[in-house]
Amino acid sequence: DGGITQSPKYLFRKEGQNVTLSCEQNLNHDAMYWYRQDPGQGLRLIYYSQIVNDFQKGDIAEGYSVSREKKESFPLTVTSAQKNPTAFYLCASRGTLAGGRNEQFFGPGTRLTVL
Amino acid sequence: AQSVTQLDSHVSVSEGTPVLLRCNYSSSYSPSLFWYVQHPNKGLQLLLKYTSAATLVKGINGFEAEFKKSETSFHLTKPSAHMSDAAEYFCVVSVDAGGTSYGKLTFGQGTILTVHP
Numbered sequence: 011d012g013g014i015t016q017s018p019k020y021l022f023r024k025e026g027q028n029v030t031l032s033c034e035q036n037l038n039h040d041a042m043y044w045y046r047q048d049p050g051q052g053l054r055l056i057y058y059s060q061i062v063n064d065f066q067k068g069d070i071a072e073g074y075s076v077s078r079e080k081k082e083s084f085p086l087t088v089t090s091a092q093k094n095p096t097a098f099y100l101c102a103s104r105g106t107l108a109g110g111r112n113e114q115f116f117g118p119g120t121r122l123t124v125l
Numbered sequence: 006a007q008s009v010t011q012l013d014s015h016v017s018v019s020e021g022t023p024v025l026l027r028c029n030y031s032s033s034y035s036p037s038l039f040w041y042v043q044h045p046n047k048g049l050q051l052l053l054k055y056t057s058a059a060t061l062v063k064g065i066n067g068f069e070a071e072f073k074k075s076e077t078s079f080h081l082t083k084p085s086a087h088m089s090d091a092a093e094y095f096c097v098v099s100v101d102a103g104g105t106s107y108g109k110l111t112f113g114q115g116t117i118l119t120v121h122p
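If you read the sequences in order, they're chains U and P.
By the working numbering, the letter at position 63 of the first sequence is numbered 73, and the numbering carries on one by one without gaps.
By the working numbering, the letter at position 36 of the second sequence is numbered 41, and the numbering carries on one by one without gaps.
The hints are simulated quantities; they were obtained by calculation from the structure and are not laboratory data.
One should not assume that every hint holds.
For the chain U half of the interface with chain P, some residues (derived, Cβ under 7 Å), not all of them [said to hold, decoys possible]:
#1 L53
#2 F116
#3 G117
DEER-style ranges, computed between Cβ atoms [what the hints assert, rightly or not]:
#4 U:T123 to P:D13: 26 to 34 Å
#5 U:P49 to P:L12: 12 to 20 Å
#6 U:T89 to P:K74: 42 to 50 Å
Glycine is no exception: its CB is placed at the ideal position from the N, C-alpha and C atoms.
Bound conformation, chain U alone (with noise of 0.2 Å):
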């Protein structure tokens, strides 16, 4: 089956750590990005990729990093920098075909807490 995997589905954090989420799709995409959604706020973007060892900043990075070793991954460490990690992490990747007006294809999330 193609499509995208995000693991783990929840997570849980101490105050002052690091951790990754990982994001693994399969469709040959060469875009990746990575979202938070909070209540009421819909989609923000954190950071995306448009190509292998290539990424860039989206609206709110602070806090994040991310890596595109691979085509087919795109993991995303939340820094203890982070000052309210608490959210639904979401992944998605776009094929590069046709510009940006292919749509995204959209991971199942983690979700994370931070106690």
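Position chain P relative to chain U; hints supplied.
Relative to chain U, chain P alone:
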């Protein structure tokens, strides 16, 4: 710059009655528009998309939306609501500004649809 406004944060309908979820957008360039649906604690699923072809777009599960450039609107409708339609719906705009393939998505705040028996 681009933005999306979903005019209702909550919509409540009875099963079998029509659904209307309203969305207005602003964009400096010709936009692509999408509606996504999200069930609780799940990812987003694409319902339909407009990409400058036909202005009336049909999607999955009986939903459709009409792109009206003069009104800068892209409202989502369904003739008859089903209990399984209860979810949160997001209107999304994407602009391929300057010929790039970035395709940044801007999300509306979401509309929660409740369907009563």
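For each hint, the structure was consulted:
| no. | hint | result |
| --- | --- | --- |
| 1 | L53 | holds (5 Å) |
| 2 | F116 | holds (4 Å) |
| 3 | G117 | holds (5 Å) |
| 4 | U:T123 to P:D13: 26 to 34 Å | holds (30 Å) |
| 5 | U:P49 to P:L12: 12 to 20 Å | holds (19 Å) |
| 6 | U:T89 to P:K74: 42 to 50 Å | holds (43 Å) |
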